[in-house]
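Under our numbering, the sequence shown has 120 at position 83, and the numbering climbs by one with no breaks.
Among the hints, erroneous ones may be present.
[To be verified] Keeping only pairs whose Cα atoms sit at most 30 Å apart, straight-line, the calculated DSBU-like set for lysine-lysine is: (1) K248 / K223; (2) K223 / K278; (3) K318 / K334; (4) K276 / K213; (5) K213 / K259; (6) K240 / K296; (7) K276 / K342; (8) K213 / K223; (9) K342 / K322; (10) K240 / K259; (11) K213 / K202; (12) K334 / K316.
Because the hints were derived from the structure by calculation, they are not lab data.
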Amino acid sequence: MAPNLECRMYEARYPEVDMAVMIQVKNIADMGAYVSLLEYNNIEGMILFSELSRRRIRSVSSLIKVGRIEPVMVLRVDKEKGYIDLSKRRVSEEDIQACEERYNKSKLVHSIMRHVAETLDLDLEDLYVHIGWPLYRKYGHAFEAFKLVVNDPDTILGALMRETKEVGPDGKEVTKVVPAVTEEVKEALVMNIKRRMTPQPLKIRADIEMKCFQFDGVIHIKEAMRKAEAAGNDDCPVKIKLVAPPLYVLTTQTLDKEKGILVLNNAIASCTESIEQHKGKLLVKEEARVVSERDDKLLQIHMSKLNQDNQDVDGDEDSEEEEDTGMGDVDLDNGNAITE
38 MAPNLECRMY
48 EARYPEVDMA
58 VMIQVKNIAD
68 MGAYVSLLEY
78 NNIEGMILFS
88 ELSRRRIRSV
98 SSLIKVGRIE
108 PVMVLRVDKE
118 KGYIDLSKRR
128 VSEEDIQACE
138 ERYNKSKLVH
148 SIMRHVAETL
158 DLDLEDLYVH
168 IGWPLYRKYG
178 HAFEAFKLVV
188 NDPDTILGAL
198 MRETKEVGPD
208 GKEVTKVVPA
218 VTEEVKEALV
228 MNIKRRMTPQ
238 PLKIRADIEM
248 KCFQFDGVIH
258 IKEAMRKAEA
268 AGNDDCPVKI
278 KLVAPPLYVL
288 TTQTLDKEKG
298 ILVLNNAIAS
308 CTESIEQHKG
318 KLLVKEEARV
328 VSERDDKLLQ
338 IHMSKLNQDN
348 QDVDGDEDSE
358 EEEDTGMGDV
368 DLDNGNAITE
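Using the sequences and the hints given, assemble the complete structure.
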């Protein structure tokens, strides 16, 4: 018989009232939307249409879509009947941020626990009972304990104990306290934790518009771009790319989010100072922020489409917009401009 690999993430079977939880929308009914609570083994909850928005609802589909994952607030929990009423309109920005942060940590912990259970043919809930939930209780979140396991697995996992019942020589049942983590489980856990929790560099990006209508505008923009890249360092190298005149993106990669944002802001400041010396203008369209792989892919798709559209235009046709822009793709290596 295959072991059970389904389990809630937390010791409590149900969330508390006024707690933000992560849900996925399953279907839309006459009165509201039925959702799954992702942190509680997908138990069902409901969001009434009246709890979707504080404003008048003109289109339900614009507020909630099947498949969407998002934080909502718990209004009522009937543990006997299993009813959970939720609200989207009552969840604040602070609640959303805290819920997303907790869920991302819990999801990683759950993925590691489930993989160990599946690999060793163990019951997932048993792993949580003896390892996961005790770590939640002791460290506030098992994720924090797992971070410590990377460098000190014996101290963190060795401290976990559990009770077992055995029949003694006299036929009476006795309770013994034994280590909760066997060597086999410990080895699998440590291997998975180290593989999954080694820090990965974050990608930080800012979007700017830069223009210069001077006679040597392209050269001045190239110079400003060099100043932006020079603001980077070995830990946070800065790159700047043209999307389409006059839009550019600055990026850096780093393990330290705050440091990466600071470096990009300094790069923008250097770029601004340089271009303004030549009567150019720089406008920040999107401030420095962490971006995902999906954001990167969308940007690449957008750039590819612009490039394709550019190739489809007859090279002899000039538009007023192109003349106004006064610049094209700046090649930092040789200073040439590729006009649109």
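Query raised in the report: Which hints, by number, does the structure contradict?
Result: 1, 2, 4, 5, 12
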